[in-house]
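S.K.: Read top to bottom, the protein sequences are chains B, H, E and G. Adding 860 to a residue's 1-based position in the first sequence gives its number in my numbering. Adding 860 to a residue's 1-based position in the second sequence gives its number in my numbering. Adding 860 to a residue's 1-based position in the third sequence gives its number in my numbering. Adding 860 to a residue's 1-based position in the fourth sequence gives its number in my numbering.
Treat the hints with care, since some could be wrong.
[Unchecked claim] If we take Cβ atoms under 8 angstroms as the criterion, some of the chain H residues that face chain G in the derived model are: (1) 872; (2) 874; (3) 972; (4) 976; (5) 1103; (6) 1146; (7) 1150.
In short, the hints are calculated from the structure, not lab data. Ideal Cβ positions, reconstructed from N, Cα and C, are used throughout, including at glycine.
The primary structure of each chain is shown beneath.
4 protein chains.
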Amino acid sequence: MIIIMHDNAKKSEIAAVEERLAKFGFQTHPIYGEKKTVIGAIGDKRQIRMSEILLMSGVENIVPIMRPYKLASKELKKEKSVIDVGHGVTIGGNKLAVLAGPCAVEGREHFLRMARIVKAEGANILRGGAFKPRTSPYAFGGLEGEGLKIMREAGDELDMPICTEVMDTRDVELVASYADIIQIGARNMQNFKLLREVGKTNKPIFLKRGLASTIDEWLMAAEYIMSEGNDNVILCERGIRTYETSTRNTFDVSAIPVTQELTHLPIIADPSHATGNYKYVAPVAKAGIAAGADGIMVEVHDCPECAESDGPQSLKPEKFADLMADLKKIAAAIGKEI
Amino acid sequence: MIIIMHDNAKKSEIAAVEERLAKFGFQTHPIYGEKKTVIGAIGDKRQIRMSEILLMSGVENIVPIMRPYKLASKELKKEKSVIDVGHGVTIGGNKLAVLAGPCAVEGREHFLRMARIVKAEGANILRGGAFKPRTSPYAFGGLEGEGLKIMREAGDELDMPICTEVMDTRDVELVASYADIIQIGARNMQNFKLLREVGKTNKPIFLKRGLASTIDEWLMAAEYIMSEGNDNVILCERGIRTYETSTRNTFDVSAIPVTQELTHLPIIADPSHATGNYKYVAPVAKAGIAAGADGIMVEVHDCPECAESDGPQSLKPEKFADLMADLKKIAAAIGKEI
Amino acid sequence: MIIIMHDNAKKSEIAAVEERLAKFGFQTHPIYGEKKTVIGAIGDKRQIRMSEILLMSGVENIVPIMRPYKLASKELKKEKSVIDVGHGVTIGGNKLAVLAGPCAVEGREHFLRMARIVKAEGANILRGGAFKPRTSPYAFGGLEGEGLKIMREAGDELDMPICTEVMDTRDVELVASYADIIQIGARNMQNFKLLREVGKTNKPIFLKRGLASTIDEWLMAAEYIMSEGNDNVILCERGIRTYETSTRNTFDVSAIPVTQELTHLPIIADPSHATGNYKYVAPVAKAGIAAGADGIMVEVHDCPECAESDGPQSLKPEKFADLMADLKKIAAAIGKEI
Amino acid sequence: MIIIMHDNAKKSEIAAVEERLAKFGFQTHPIYGEKKTVIGAIGDKRQIRMSEILLMSGVENIVPIMRPYKLASKELKKEKSVIDVGHGVTIGGNKLAVLAGPCAVEGREHFLRMARIVKAEGANILRGGAFKPRTSPYAFGGLEGEGLKIMREAGDELDMPICTEVMDTRDVELVASYADIIQIGARNMQNFKLLREVGKTNKPIFLKRGLASTIDEWLMAAEYIMSEGNDNVILCERGIRTYETSTRNTFDVSAIPVTQELTHLPIIADPSHATGNYKYVAPVAKAGIAAGADGIMVEVHDCPECAESDGPQSLKPEKFADLMADLKKIAAAIGKEI
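Assemble the whole structure, with the sequences as input and the hints as a guide.
M.R.: Quick look at the structure:
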């Protein structure tokens, strides 16, 4: 790291900083400019708290040189991770993942019907919510355990992996016993206890970006999971909060190439939650694939106006079919397949 | 609610909307403009999902008329809530609350020393973290149960209520057995399972605003807690995420008068997390009180550079004493006391 | 518009609002709910200031029903505008526009060389800055009049339209005498005097979205230009300001379908300014085209490290050639051509 | 500045960077870490374009050490600037400035009446708009030259300085001939030609923060003005754009202590534009003064519902009187006066 001293830092202050760094095993290399002195410090940052230096007399700022995550970083693992999610499906390779299904599991018949439809149109992973995070305490919260059973039945019938969210540390074991992929929702991206808990399972984790999380914070959340021994993390960009109100969130399309530069983990685009409006789902899904995402997650419902949640952003089966046809062409144009 | 139809909505589309609304017990009042028709609908919104109407043919948008929260709303309870937090202390009245202490409980001796100092300077509630949410999985996570015991001892010795955070549904019972006030941190403001769980306790809840939460979402989080029967919710503005990087977050000072217009719940200002820099803590604390907050939460540490967490934003005891002296004058200037 | 009254609005207050609306020629339609009264008002909103009603006793809020822009709106003109920018090039049709060139015009030889290169690779419009808005007063501000002459020479030699920015009302006449397309930069999107002035020319206007402008504000800026009689406005999405710092701005890809729903004006994607980093330009350009943009504006420089400005986001000619090859395939995949 | 090399940077790449820096007169000090090499470079940054180094092979990033502004910086001038704005009034000293008046100058009689009222209540500078930036091209744009005359008459009659906005380089001479203080509005904070032009006058400049400008960009805008020889710049915080919609903008109260740490220029709080709602003006004004602002700018109108613009955020005279009474007490509490 680099310690930047104030313009008027005294020699004794500089010496004190060097001394403290040395005490923690750092080698120091001061550079004396005309106005400012900076000190390069080489050593193991984990041995010292930043504030221990930052708050010393004469110190203006500290510039870290290394990214804060390790296991998620490309520095550790250069080749891209291809994650086996079961039932013969992988995420991160040349074949794009398409996770589709209704927002919530609303009932057995309905979910099975939707599952068959999305499979027929080319989806290779089923999505659905059994535990639903809802802004209002009075809204439908999901079928919980019953929903998990329904999803499992559909996954088995159609030989497809299922992806579903867990919201509570107490439910991790239950969800892990049914799901092929465990989803951490945007609102729980920094629920650190939950991250640790899913890190202890052997299931791939689908990690949505927090509503207003930076890319660094997101990769630190992945690091939490990986630090417990679970390397199978799949990132999902689902839109960030900005001042613009014409869409529910703002899909950060450049997060796709940025994460691909920083991490070996695959990334999926979720145009449904990003836009909150079925009219914009297809253009944003196409944008995500064209930008290099490893797949999409999209909400499909045969009767959006009857959907228990997120109806306005759900695609009807025929619109989903149109989208899949377009995505196939775009995938081919960039040398991938669906 | 008001249903706004598209410019070219057909008579049959308008009729269909009215019919569906009527089916759910709404009275409808269409208003035919030159270009647009709008339909006023009177009834119980909880009987219908918005999307059921929004996605009908010819519908452009729906404008809700009522706020989504009820128990937290001033419509239900006009007079301000004054919350008894134990040990003779209340929040929401004419006497301002001052919650002070180190970010984390670091050890018995240290916490007791800090507690005595902040009490001597005029704090009336002790704060400290036993369970710490940390961005990095490799950082100090708190003393957990041991930290709770230390806080309780300090609270009892000094006859002061203690406020500490819970991060996991599995720890609610434990934390509730020690704490006078249970804190929900910014990162867990939409951890809905946790909100429900603390709503089942009989302890006052200190609800921090989410990192990028709107005021409406914040009050809906309060509603979650209150919907379980716990009316004792204290709001805490701790800065929101914006594009500005010279402070850790941006303290939203206008959230103080805005919440006071919308809800009967008291609101506390947290200048420490808002700014992330001890230099700006005092001006922002004074701003919060001048704007009408019911108190402040502030981090105090006798050796910020040794602090296990949040050292850079902690006030040294002498700076805390200066701040308290200033706040007393400002409180007096606006007819309150500390 | 809809006037929402407070819960406890008195009959006399409702009557007073209706009376004032009637005075301005509005028809009023009150709807009496259990708790709230709302008043539908039909008439010409331009006859009245909103605040004249909003501030009346008993009024809680006003909800406008119509969008604030007219000329830019699809309500006025349903079919998409195809704008003739000279030299046989149009923007808004099936053939995508590619505006390319260096950020600044740095000299005659260099610009001519770059112009020939980008034309050879398939660009059909030349871009370059003669007047440069720079954050620092000490940075290169452009060749001004000399730069315009160089661009014109290149445009004539290659039979291509040229697009360049104007920053000052005093320069509009000069720029209009050289340029085929006049650019309004992001920082001047709400420089209303400048908008009016370019609205008086007969040149197409390339209107960049403001750094933190909503889509409605952007379309109101277009309305300013159009209200002076110039209908030839081309929108350009160039990234918005958010909290994320890994890119210079956040490219708002959903602005493409959103504007296409609201306005008949064409929209161009600018991945260079959006990302600020050459590594992310190609993925974001592809995303923009896949989402339905009418073209791209991209900075190309044969020696980015020598560029007078915006070097870090400039593509080298060979990378531009690669991008054009990819874009041709994506354009074909969505039924367009380059 | 510090050049950070990639993990795998080759010796030859490091040597090439050092060589180029040396060519521009920099002394270089490489520090070789276990994984990364960083190079400290001492010299005059203005001699080199950042991109010339940033884009070299093996370079990961550059960290500037010095702030980009000089004249506005405390490094150049430590003591706070006290700016003489005429008629015996100064801004930046112990006596707080109160700029008050209607948003727009609407007519001679009205403005004179308002001016007398605000003076009677303790305002010491008159504000009013003769040229009005309006989001809609169809809205009232101000009385222009006629408005300037009216303001001058009021200023002379009451012996008060007047502050009014200029929006166009062509109007600078005219506005400077009437006004005591020239305002640059938020939308023009990066209208660099206008900044240069007002920098050439000898009038104090009232520089509003841009709608979404960082504090660094704001101080660079001040630097533009000062680089033309005009040192009399007064900053004005008027709220920034965030995702929160319950106020028109979010008043960034911490910008007050932050700018006071970085610059010698005084800073004024504008609660009217920050909140957009008269109900929140007083609490935010008090917060600004408590946080250390050098004064406030506030809109006052005797008939807000008749105001040509910004009625909803204007205080009625009696509310302004109440605010002044409160501010006097708060000013006294922090050792200042009004």
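S.K.: Hints the structure violates: just list their numbers, smallest first.
M.R.: Violated hints: 1, 2, 3, 4; rest satisfied.
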